[in-house]
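Chemist: Below, each chain spelled out in residue letters.
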Amino acid sequence: MVSDHLAGHHVVVVDDDERLLALPPMTASVPPMTASVPPKSTVGSPRTTGETPAAWLAPHGAVRPPIAPARWWRRSSLVARFTVVSLPLILGVGLLAAQVVAAQLRSIALSVEAEAVADTVESRIEGMLRPEDLQRPLSTQRMAEIDSMVNERAMGADTVGVSLWRGDGVVNYSTDSSSVGRSGKSDDMLALALAGEPSKEIKPRSEVSLTLAKGTGDVMEVYVPLRLGGPKVVGSFETYRDLAEVQNRITAVRRAMFLALGGGLAVLFVALLFVVRGASRQLRRQSDELALFGARQEVTRLQTEFVGVVSHELRTPLTALVGFSELLLAEDVPDSDRREWTTLLHNGAQRLRHLVEQLLDVSRIDHARLELRRGPVSVAEATEQALHSIAALPHGLEISQRFEPDLPPVLADHEKLVQILTNLVSNAVKYSPDGGQITIDARRLGSRVRIEVTDQGLGLPRHELDSIFDRFHRVDDERRRTIEGTGLGLYITRQLVEMHGGTVTVHSLGKGHGSTFTVVLPATEEEPNNA
Amino acid sequence: MPDTQPDAQPETLLIAEDDPLLMPLLKATFRNSGLRVITAGTGTQALDLARTERPDLVLLDVGLPEMNGYEVCRAIKTDPQTAVIRVVMLTARAGAADQRLAAEAGADTYLTKPFSPAELLEVVRSLLRTARVA
Numbered sequence: 001m002v003s004d005h006l007a008g009h010h011v012v013v014v015d016d017d018e019r020l021l022a023l024p025p026m027t028a029s030v031p032p033m034t035a036s037v038p039p040k041s042t043v044g045s046p047r048t049t050g051e052t053p054a055a056w057l058a059p060h061g062a063v064r065p066p067i068a069p070a071r072w073w074r075r076s077s078l079v080a081r082f083t084v085v086s087l088p089l090i091l092g093v094g095l096l097a098a099q100v101v102a103a104q105l106r107s108i109a110l111s112v113e114a115e116a117v118a119d120t121v122e123s124r125i126e127g128m129l130r131p132e133d134l135q136r137p138l139s140t141q142r143m144a145e146i147d148s149m150v151n152e153r154a155m156g157a158d159t160v161g162v163s164l165w166r167g168d169g170v171v172n173y174s175t176d177s178s179s180v181g182r183s184g185k186s187d188d189m190l191a192l193a194l195a196g197e198p199s200k201e202i203k204p205r206s207e208v209s210l211t212l213a214k215g216t217g218d219v220m221e222v223y224v225p226l227r228l229g230g231p232k233v234v235g236s237f238e239t240y241r242d243l244a245e246v247q248n249r250i251t252a253v254r255r256a257m258f259l260a261l262g263g264g265l266a267v268l269f270v271a272l273l274f275v276v277r278g279a280s281r282q283l284r285r286q287s288d289e290l291a292l293f294g295a296r297q298e299v300t301r302l303q304t305e306f307v308g309v310v311s312h313e314l315r316t317p318l319t320a321l322v323g324f325s326e327l328l329l330a331e332d333v334p335d336s337d338r339r340e341w342t343t344l345l346h347n348g349a350q351r352l353r354h355l356v357e358q359l360l361d362v363s364r365i366d367h368a369r370l371e372l373r374r375g376p377v378s379v380a381e382a383t384e385q386a387l388h389s390i391a392a393l394p395h396g397l398e399i400s401q402r403f404e405p406d407l408p409p410v411l412a413d414h415e416k417l418v419q420i421l422t423n424l425v426s427n428a429v430k431y432s433p434d435g436g437q438i439t440i441d442a443r444r445l446g447s448r449v450r451i452e453v454t455d456q457g458l459g460l461p462r463h464e465l466d467s468i469f470d471r472f473h474r475v476d477d478e479r480r481r482t483i484e485g486t487g488l489g490l491y492i493t494r495q496l497v498e499m500h501g502g503t504v505t506v507h508s509l510g511k512g513h514g515s516t517f518t519v520v521l522p523a524t525e526e527e528p529n530n531a
Numbered sequence: 532m533p534d535t536q537p538d539a540q541p542e543t544l545l546i547a548e549d550d551p552l553l554m555p556l557l558k559a560t561f562r563n564s565g566l567r568v569i570t571a572g573t574g575t576q577a578l579d580l581a582r583t584e585r586p587d588l589v590l591l592d593v594g595l596p597e598m599n600g601y602e603v604c605r606a607i608k609t610d611p612q613t614a615v616i617r618v619v620m621l622t623a624r625a626g627a628a629d630q631r632l633a634a635e636a637g638a639d640t641y642l643t644k645p646f647s648p649a650e651l652l653e654v655v656r657s658l659l660r661t662a663r664v665a
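Line by line, the protein sequences give chains A and B.
For the first sequence, counting from 1, position 404 maps to 404 in the numbering used here; every step adds exactly one.
Position in the second sequence (first residue = 1) + 531 = the numbering used here.
Treat each hint with caution, since some may be false.
Far from chain A, some chain B residues (derived; all Cβ distances over 10 Å) [what the hints assert, rightly or not]:
# : residue
1 : I569
2 : R582
3 : R617
4 : T643
5 : K644
Listed below are several chain A residues computed to face chain B (Cβ distance under 7 Å; list not exhaustive) [what the hints assert, rightly or not]:
# : residue
6 : V322
7 : S325
8 : L344
Just so you know, these hints were derived from the structure itself, not from any lab.
Yeah, the Cβ is synthetic: ideal placement off N, Cα and C, and Gly gets one too.
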């Protein structure tokens, strides 16, 4: 079995300067952590050494900015999203909770108040009353007695009036004397009290039927059933409480509660915000790491692909070299065979040389080590040299030139222009297996010169037109498979043209209809020096 | 040194290779081997010849047009009529992947380019020897 010297090794070749020149994908650098998407500016200059893998894949601006104005949500940070969602939620829930708690507080406070009133009535008033006080209208004297008793024992700070109800639902005594004799039969709360159940009702001050002594707030009417020692309810003692003070207290408690709750929620929100921000950062870090990992994998993939392509392209001519030289050395070979084998050996060597030259070109281009010596160059002369370097034309293929008279020279590196034209013309020859006409047409286009190389060969499907200049790209179809190539020629051509400030484009009427490559280069008025 | 095969038909070798440099090399390698050499330039042609000519051994390049070498090998090895044919794959890249692919396709062995003609000749001869014994 043949040992394999090349597999898994980085391919390194020596360039003219005798310095080691690593071939591009081996050194394609990984983008920095933060730039998971390469900034557009670096994509625009694919010849920098710090090239990103994305640029490697498609060095001609295939990395596009995000399409369509994405919605705010998709663009905004996790923290912003969290704020937008959680702030109304926290505020809403907080307010609701505060309202519920406040309502509960109020109801508890009022119940306590009512119970205190009932206690006062039971302990201080009830004992002083006599059954006849609740049976018939009071004498003026008794009225005065009850008046002083009430003032002395029941009229605390918040009690703004009292009424004494008889068992038949008529006011027998009141701090508002005009109310005496009034019937309260339709009053549900009174009915409840007369049935033995203490009751209370809160009313706005304006709805109270009694003229009240003082106070400003709402009024709570507390009905306490009176039994006066007997088994039956014989009347009710009604106390009017001014709620201003209670309400003040409730408001104060409520405010304190709102403050505490609000503060708590604010602290909670800020804490959550920090948590989310931390999580978001960690997430970003992880996604950066992932992107970096992806980029590394991409570099690895490109390296693998590069090694694959190069090793395949290297191995075939190398096999011919090794094989034919061995055959030539080892055997007593007839002259006719010797001549044929030597020719084939030479062809293999040429293929190898061509590959190495292309790889060196790619390497120089990608490391920005290719220098142009620009000057005025005659297109006709460069074309002549390009045609000269192309070996004998296959049968049935013709090349014609159509140059505009007085075509100005282009501002270019002579050698590189020859290389560009050689690449295009040899491609046209290579992909015209059935022969036909190849036309080289050059004309002035304002301050530029347009050179077109048109063939009647295999042509290109529309979807290939964009990628044909990509590194290693080869059009895959049946008829092309037997045509050898590295997929580097057009890549180099485009890089060279663009270094000249020119453009190269391709048109094809489709598969089987030939193709036209158009190079536009800056013209110059200077005369080419033939030195 | 040509194989000595008294009283026998010469064994047939099918070379399937599309490269304009390697086909002449392979033909030159076997020109004095005593084998009858037939050639194919595409995968489908190789499979056709394998079925009609029943060669004793096929030298199969991996990168053939129309049908690649692995596909051709698999087709030869799964057809009972042709399964007995020995197959040597010629791969362009070394490595575990190609070795595995060649094994999976049922190839008897494989050689990685660049190989030496003498080595190839030896591999082919030893395979044919074992085929005769079997």
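Chemist: Compare the structure with the hints numbered earlier in the document and write down the numbers of the violated ones, lowest to highest.
Modeler: 4, 5, 7
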